[in-house]
Amino acid sequence: MLLVEADGKALFQQAGIQVPAGVVVGKGESLALSGAGPWMVKAQVPVGGRGKAGGVVRCVDAEAVHAALARQLGLRLKGHAVQACLVEQAAAGMERYLALVIDPAGYGVRALFSAAGGVDIEQADNVESRLCPPDADAIAAAFAELAAREPDAWRGALVATGRRLAGLMLSHELLLAEINPLFVGGHGCVAGDAKVVVDLNAFDRQPELAALLRARPGIYADAVRKLDEGFDYVELDPEGEVGLVTTGAGLSMMLVDEMTARGMKPLNFLDIRTGQLRGSPARLIRVLEWIAAAPRVKVVLVNIFAGITDLGEFARLLADAVEQTPALRVPIVARLVGRGAAEARRVLSERMPGLAVEEELDAALARVARAAA
Amino acid sequence: MIATLSRATPVLMQGISGRMGRSHAAGMRAYGTNIVAGTATRDDLAEIDGVPVFRDCAAAVAATGAVASIAMVPPADVRAAVQEALEAGIRLVVTIAEGVPVHDALAVGRAVRAAGATWVGPSTPGLAVPGEMKLGFLPDAALRPGPVAIMSKSGTLSYEIGWRLAQAGLGQSLWVGVGGDPVKGVRFADLLDPFLSHARTAAIVLVGEVGGDEEEQFAAALAAAAAGADAAKPVFAVIAGQEAKEGVAMGHAGALTFGATGTMHSKRAALEQAGVRVFATMERLVADCVARLRG
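Chains A and B supply the protein sequences, listed in that same order.
If you want the numbering used here, it's the 1-based position in the first sequence plus 1284.
If you want the numbering used here, it's the 1-based position in the second sequence plus 221.
Hints were generated in silico from the structure; no laboratory data involved.
Ideal Cβ positions, reconstructed from N, Cα and C, are used throughout, including at glycine.
Where hints are given, some of them may not hold.
Okay, the calculated bits of chain A under chain B, using three or more residues with CB under 8 Å as the criterion [to be verified]:
id, region
1, 1353-1364
2, 1382-1396
3, 1484-1492
4, 1535-1543
Let the sequences and hints guide you as you build the complete structure.
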């Protein structure tokens, strides 16, 4: 997952990469600006293209900073609420692009550099790169080559920044570490932005990164939930009308896509991993509680294609979970296909006579649409 | 080596004595897989359900001639398990563990490539030659011999699509789950040549997801193949994740989009440019496959 800029910069700073002096401000928090402007006010949401989406504002004085904060905090940017902004002194200099990314087909780390950094890097055709083994010396050598035409005044600092970025990437098992722009000048190199993608599957051996996420439970709600619960529940739309109980990442995503295309409003994505329920309704109860707490939910759709899971047992756990979640007061539609489907129908008709069970997805979605109308 | 697998291929299961291993070994054997050996860390087991058990892969391969392996081990043990299989001379390794760290997968990928072997994983439901054998746990309910070769990042979404196709009378020639990890063994593009040259395959179904650039690389490989020869087999695709939330991995670590990276737009455009028929719903994909392949 993508870290917000302030956390990426905290990691950079720790690794010895210079960043502008800044402070993170949340809603209702006061801000005492010190030093001289201009300042940047930057929405702390984990998305790309923040600048173009209006999440980055340059402010000439303190008054403009406060106005920008008042405007930004509470906005939604690309599906994320803006819960905090980074206010920092605007850095200056020529703009470069420096990045490290995992190269999946090359089984290595790709070092990227461009002398034309800035917001349009995705369109730029002058990004040069080298595929390196996962080794800091090899990556530093690649950056020395890529930056060979840079002036003496900062070339050394630039290559040193690349080496520090490589150390950070390898020690913290990052998937992406990108600086764009990297401001260069007689003062050396300063990271104007930070895009860092972490690997949640490596968190057992990266306690520092886990602590970083847990320090911002609001911003990283989906990731913290995964660390705590061991499965994926992603809130898509807090105003969503259909709560989803689903398993399998691909099928759950596809269901969300197909429902959205039909004008329905799914609340969440869920990969509950039925194979890990191990005879306990606990996970289902957690999910039903979250769904019940959402203000606009009108119906729950359970969609399980059972490859290995026994649907008879799943149906019993679902019935247990619903009984133990009195807060859930909306109708449930279940679409169950695969192993044990007949037994599941029997169990549900006995224990939850009001619940509609369908075999065809279309029929289930039609029921959901009626319930949400 | 995927396209040459058959019910005769001798298979080893690493970790056969665990809860998962034992149950999946039974499921695979019931389907027709020739499991000739297992490995287990406990040394008091000579056999389990009739399959001889060895201390390590080298002993198992020496005694049985196994050439393919499926490792039923937890994510933290995948790296060592694959290394052990490679050192024993195994040519195809399938790993199923969910949650293998990407930097581990990098190391595994480098070792597999150096050995000239094939790896399907880190996390995948496996692969199957329907009607003959399977390595992993693709559900029997969705498997049915036929003309369509399936490649998929997602287990469940491919089950649903394979099942719907089978219900409509279209079975599969080969089925490979490449998994939803960002760094993996076999990728979509690696499967193009084996699928194109596979005699029993008449069409390809690609089940993709947002994130990464595997679909784009597959499209480039397909365009190159089409330019070079008359390798015309129709390719049908669905890609999940149009509505994925930016910056958050959607269940699969590889299903991560931000900015212009890994987006549906990029994948759909690249695939369509290469002549792939891309569908927004499972229903339309199945209907089109049926119309074109059975019509």
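Okay, the hints, checked on the actual structure:
1. 1353-1364: holds (count 3)
2. 1382-1396: holds (count 5)
3. 1484-1492: holds (count 5)
4. 1535-1543: holds (count 7)
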